[in-house]
Each structure stands twice: as structure tokens, then as C-alpha cells.
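**Q** Protein chains in written order, with our numbering: chain A, 1 to 411; chain B, 412 to 705.
Derived from the structure by calculation, the hints contain no laboratory data.
Given the structure is predicted, the values throughout are model-derived calculations rather than measurements.
For every residue, glycine included, the Cβ atom is placed at its ideal position computed from N, Cα and C.
Among these hints, one or two may not hold up.
[Stated by the list, open to error] Here are a few chain B residues that face chain A, going by a calculated C-beta distance under 10 Å:
hint, residue
1, S428
2, G473
3, T477
4, S554
5, Y559
6, T633
7, D639
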Amino acid sequence: MKHGGRGFGLASLIFIGALLVAFVSGALAGGKEIKVGIIDCYSGPPAVYAKDALNGFKLALKEINKKGVLGRKIVFTTRDTKFKVDIGLSMAKELVMREGVDVLVGTISSGVALAVSDFARKEKVPFIVWISKSERITGELGHRYVFCTSENTAMAGKAMAVGLSKKPYTKYWIAGDDYEYGHAIARAAWRNLQKMKPGVKKIGESWWKVGEPDLIPYLTAIMAAKPDAVIFCTGGKSMANILKAIKATGMAKKVAICIHTATDHAVLKALGPEAPEGVMGTMDYHFYFPETPENKAFVKAFKAAYGEPPGFPAFHGWNTAHFIAKAFEKAGTVNTEKFIDALEGLRIMSPVGEIEMRACDHQVVEPMFLGVTKKSPKYNFLIASDIVTLPGPEIMPSCEEIMALRAKAKK
Amino acid sequence: MSVDLASVLTQLLVGLSRSMILFIVSAGMSFILGVLRVPNVAHGSLYMIGAFSAFSVYNYFGGGSTGFWLALLLAPFLVALVGFVAERALFCHLYQREHLMLLLFTFALMLILGDLVKIVWGPEYSSIMPPGGLKGSISIFGSAFPKYNLFLLVVGPLVAVFLWLFTNRTKVGKICRAAAVDREMVGALGINVSWIFAAAFVLGCYLAGIAGALVAPTVSITLGMDHDIIIEAFLIVTIGGLGNMWGALVGSLIFGITQALGVLFWPQFAIVFPYAAVVIVLLLRPRGLLKSVW
Numbered sequence: 001m002k003h004g005g006r007g008f009g010l011a012s013l014i015f016i017g018a019l020l021v022a023f024v025s026g027a028l029a030g031g032k033e034i035k036v037g038i039i040d041c042y043s044g045p046p047a048v049y050a051k052d053a054l055n056g057f058k059l060a061l062k063e064i065n066k067k068g069v070l071g072r073k074i075v076f077t078t079r080d081t082k083f084k085v086d087i088g089l090s091m092a093k094e095l096v097m098r099e100g101v102d103v104l105v106g107t108i109s110s111g112v113a114l115a116v117s118d119f120a121r122k123e124k125v126p127f128i129v130w131i132s133k134s135e136r137i138t139g140e141l142g143h144r145y146v147f148c149t150s151e152n153t154a155m156a157g158k159a160m161a162v163g164l165s166k167k168p169y170t171k172y173w174i175a176g177d178d179y180e181y182g183h184a185i186a187r188a189a190w191r192n193l194q195k196m197k198p199g200v201k202k203i204g205e206s207w208w209k210v211g212e213p214d215l216i217p218y219l220t221a222i223m224a225a226k227p228d229a230v231i232f233c234t235g236g237k238s239m240a241n242i243l244k245a246i247k248a249t250g251m252a253k254k255v256a257i258c259i260h261t262a263t264d265h266a267v268l269k270a271l272g273p274e275a276p277e278g279v280m281g282t283m284d285y286h287f288y289f290p291e292t293p294e295n296k297a298f299v300k301a302f303k304a305a306y307g308e309p310p311g312f313p314a315f316h317g318w319n320t321a322h323f324i325a326k327a328f329e330k331a332g333t334v335n336t337e338k339f340i341d342a343l344e345g346l347r348i349m350s351p352v353g354e355i356e357m358r359a360c361d362h363q364v365v366e367p368m369f370l371g372v373t374k375k376s377p378k379y380n381f382l383i384a385s386d387i388v389t390l391p392g393p394e395i396m397p398s399c400e401e402i403m404a405l406r407a408k409a410k411k
Numbered sequence: 412m413s414v415d416l417a418s419v420l421t422q423l424l425v426g427l428s429r430s431m432i433l434f435i436v437s438a439g440m441s442f443i444l445g446v447l448r449v450p451n452v453a454h455g456s457l458y459m460i461g462a463f464s465a466f467s468v469y470n471y472f473g474g475g476s477t478g479f480w481l482a483l484l485l486a487p488f489l490v491a492l493v494g495f496v497a498e499r500a501l502f503c504h505l506y507q508r509e510h511l512m513l514l515l516f517t518f519a520l521m522l523i524l525g526d527l528v529k530i531v532w533g534p535e536y537s538s539i540m541p542p543g544g545l546k547g548s549i550s551i552f553g554s555a556f557p558k559y560n561l562f563l564l565v566v567g568p569l570v571a572v573f574l575w576l577f578t579n580r581t582k583v584g585k586i587c588r589a590a591a592v593d594r595e596m597v598g599a600l601g602i603n604v605s606w607i608f609a610a611a612f613v614l615g616c617y618l619a620g621i622a623g624a625l626v627a628p629t630v631s632i633t634l635g636m637d638h639d640i641i642i643e644a645f646l647i648v649t650i651g652g653l654g655n656m657w658g659a660l661v662g663s664l665i666f667g668i669t670q671a672l673g674v675l676f677w678p679q680f681a682i683v684f685p686y687a688a689v690v691i692v693l694l695l696r697p698r699g700l701l702k703s704v705w
């Protein structure tokens, strides 16, 4: 009896001691760094974008951590969402509860982004969305704890509408991936196009499952209906498939085509000289345009670090890192509420010029570029040509519109 | 929506070319099912490996036309090799065991192969291009029809003919058919049934490999290809008649054509059509359209 009692006492003492050490070291470790938790899709086609964003983020951190922020380094950890909402959500929970991150960052799937945004609101952890483009993220489902450094479907839709309204097309077909992003782009583009050019008619719509491998039957069906122009609302998973199918059917020569992110370097590079020419696309970043000193420096550093030029995700990743660093500096302390207050209305110098994190809805205000795919003698992939720049304030929905949407959603 | 006959015919052709790929995959699966009496759940993974191998061979030989033709030639052998190794090293020890074990094993193999592909080729998608002569489209019935799909329409029947010749004119093929119907009798005749199973499995894998290599230029080669195709192959084999290769052909035609026509007439619900067709077939003929082997 005595033997057992003595053993028990010793064991519990060691146990309590270990707990104390763990807590103390945990607190100390927390004090040394600013922790960013990145959830993104690192499997399948979207992984190209996720990796690009991570590379842009890491490049910015290399610079930022030379001086540090408030005497600390910014560190990060990543989790793979596999483009699934339930996995993304559980990863976000793990990052907040087990890793104790200060800021959540991610992701590419709009579905995952919305779910994590809801979680972030409940847990009061700031979440910066860097690739997902659904306008609902900072629109009707926006709140204090979510920010977006990516252009969203409202901006892209308006940019596409601005470009298309100047063309003589009246009969439109709309097709795309059957999920949040696809439908959001379709709604935004059509809504704005109708406002700018009231004579346009939608003669049909087609929707396929995300990642559908064989898009040729859809394209031949659309061409049979003989529209003047088609707006494709494809996301990361289907972008390569749709461009390949367009090339195989020669569709771009017969019908005008407009796709958001069609001129994105990540996709055009993968397809090489086989990508279709003559496809219109809207993008918020090209490494070859505009040729500002900031962009040239960014591209040079990125190429040196990763062997290839940056795509739009890298651009967002880089901006996100700088927004985080500058916001903490301005806040003066690692406190969530002060960080958010500092981030609202914050301006940073990005590779395409000064951009602002709009205070009313936490959406980044940045320019969009409308171009057409074309073969280039300089590179062995296609680039966007005849680029038209649309300044940020022109393509943003107004703060009043956003607040009205949010009020309606709450009812 | 108003569609003219020309568009319907074009769409039909597009659906047929898709059916050819489905047929090659399902035929392989049906063959394995007939002889080994096991639905090979890993069949989709083998198809995926076929596509990725085609990509590697394509790039090894510098891309372009040579790359493509060599990929089409060599990738199926690679997949057949994978199948052979899996069969001899692991499967054959389970033949004496309960039927369920083999099924579970193919499921495990699917998961393992899926991750193996991720390790070897990475999670990003890859792409290969059709060879020079098959790029672009030609005008059929006034609409654009990709030349590569025309190629598929030729290859599909060729594979069907080859399979028919194999199972009806070669000794091994005939023994396989016999083993599918009554393996005990075949064993009683002094033929090593285990090697017959190996031959059948390897042939099935070879077919999956061909299908993967053929489909590679038309899609982005990515993880997840296995899940997409295995469901379709399963359904096709079921509605066609278990183990029946002509059944696989019929099933693939139904699947491909309903999908293509569905896209033409009701694009919002196009995804549902092939599955609705499957339900209808199974309601009318639960044992499959053609005679099943067992």
C-alpha cells in the first residue's frame, strides 16, 4: 500500500511538472513568432495555383523577416484541403485550436473559403482569402474577420462586361463548372453586361461537374446553337480541359470566347504552344504587364528563387504577406482586433501599383486587365495581347451595394 | 431548343468517340470480372497510370508525334507490367481464399496505386498533345469535329475486333472463356488455372493502359481520374451483362450517347442522363442487357 501511494504521488508530481513546462514553453514560443496558418488545395489541378501563391508568400516573407515585424518573425504552416469543404474546415479548426495561428490564410476553392470564413467569424480569427474569387466572401457573407486579397467574381464580371459591351455580340451562351465560383462569375458577368448593353440575349446555359474531363460534347452542343459569344465560367480544375477542348474543336475561330483567368500564365504555360489563340480573358496580374519597376523587381526575384515567372496567385500571396506585416506594424501589437482595425483601409505598394484593402467590405481594390491570347515570339507559351487596363475603383461594386446585400442576407 | 439534324449527328459522333474509351476500359474490367469473378476496383487506377505513363513516355521521347505514338505503344505495357506484378506477388495467393478477400484487395490496391501515382508524378496536372496529324478539327455535317475523336472512332472497333479474335481464335483466349464459365472443369483438364487468371488480369490491365494512353491528349491528366472512370466502368459492366464483352460495348454506347445527347438537349441536366439510362436498363433487365457469364 505504502509503496503504491508513494509511486502515485511521484507520478502526479512529474505529470504536473511536465504540464507546467509545456504551458510555459508554449507561451514563450507563442511570443517569439507571428504564426500564419495556410489552408489550400495541394492535390490535383488546383495545386498549381496553391503552390504559386505559397511561393509568392514565401518570397515576400524572406524580405519581411530580414527586419521582422514588431521584433518577431512571421512563420507559417500549411494544410491540404483537397478541394473539399469538410476537409478544409477540419484543417482550419486544427490550425486554430492545435497550432494556435494568429492569422488564417487560403484557399482556392470558394466553397471551402466560405465555410472557413464562417468558422473564422465564430472563432474571431482573421482569415485572408487569397485565391478564391466568389463575391459572396466579402459581399453578402462578409464580416469583420474575413478579408480578400484576390479579385472577386463581381470585379471580374464587371471587367468582362466592360470589355464585351464594346463588342458587337448580342447572342450569348454561358457555360461553366457547376459550383459556387462558376455560378458566381456567370451571375456577375451577365448582370453587368445586361446593364451596360441592354440588347444582349442569353440563348442558353450549360453546366458540368467540376473537373469534368470530357468537355468536347458540351462545346459541340454550344457551337450547334450558334451563339455570337460564349462566356465560360471555369475554375482551377477545368481551366486546362476547357482550353484544350477549345483548341481541339477550333472553337475560338468560330465563336468569340471570354473566360476569366484564361490569360493566366500558370495555365498557358502548362499547355505551351498548344493553347488556343484568340480567347479573351480577364486577369488581375501578368508578369509581363505593366512594366513598372516594382513588377520587374518582383518578377526578377521570383524567377531567381523559383526558376519561373510568377502567376496571379503568387501576386496575391506576395500582397497578402505585405498586408499582414504592415497591419501588425501599424497595430503595434499582436492583437486580433487591433490587427483588423489596422488592416482596414491599409494601402501597400504591389507590383502593379498601389492597392488598398477597402475598409467597408475588406476587399482589395486593384486593377483588372483584359487581353486576348496570342502566340509570342519571345516565349514558348501564349501571352495576353492588346491589354486594356481597368482601374480598381471602376470595377468595384459600391460600399452601399455591399452593405445592402449583407443586410438582405441577414434577414 | 432548336437543333438541326447536322448538330445531332455531330453530337452523336462525339458521344460515340467517348464511348470508345469507356468500352476499352469496361472491356478490360469485364474480362477480369468474367474470368476471375472479381470486380477489379483498381481498374480505374490502372487507367490513370496508363495516362500518366503516356505522359512520361511522351516527354522522354521529346513530345510531338513520335512521343505520342511511342506513348501509345509503350504505356499499356507498363500498366500490364504493374498488373502482372500485383497479380503474381499478391493476388494469386488469395485465389483459395474467400471471394470477398479479392474484392477488398483490389480496393486496397486502388488506394495504394492512387498514392503511388501522387508520389511518382506529383499532384499537379500534366498534359500531352495529340500528334501532328490528329490536331485540330475537320468539318463533318457542317460542324467542327476534332480529328482526334475520329481517330478514337477507328481505334475502338479495332480493339473490339482484336478482343474478339483473342477470345475466339487463340488457344489462351478460348481457355480464358472456358475458365470464366467453369474454372473447376478447366482445372480438371490439367490446365494451370492460376496462370490463366494471370493472363486474364494482365490483359485487362493492358486494356486499361491503352484507354489511359488514348484519353491522355484530350483531358488534363490528373489525380482523381481513377475515381471518375471506375464508377462509369462499373455501371457499364453491370448493365451490359457481367463478364460479357459485347455487353461492355453496348453499355458504353448507351452511356456515351446518352451523355452526348443529354448535353445537346438539356445541358443543365446533362450529368443525369447516363445514370438515368442505367436505372432504366436495370429496372427492365436486372441481369444486364446481354447474357452474363455467371
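**Q** A separate judgement is required for each hint: does it hold in the structure or not?
**A** Against the structure, the hints:
no.	hint	verdict
1	S428	8 Å, holds
2	G473	13 Å, violated
3	T477	16 Å, violated
4	S554	6 Å, holds
5	Y559	6 Å, holds
6	T633	5 Å, holds
7	D639	6 Å, holds
Hint violations for this structure: numbers 2 and 3, all remaining hints satisfied.
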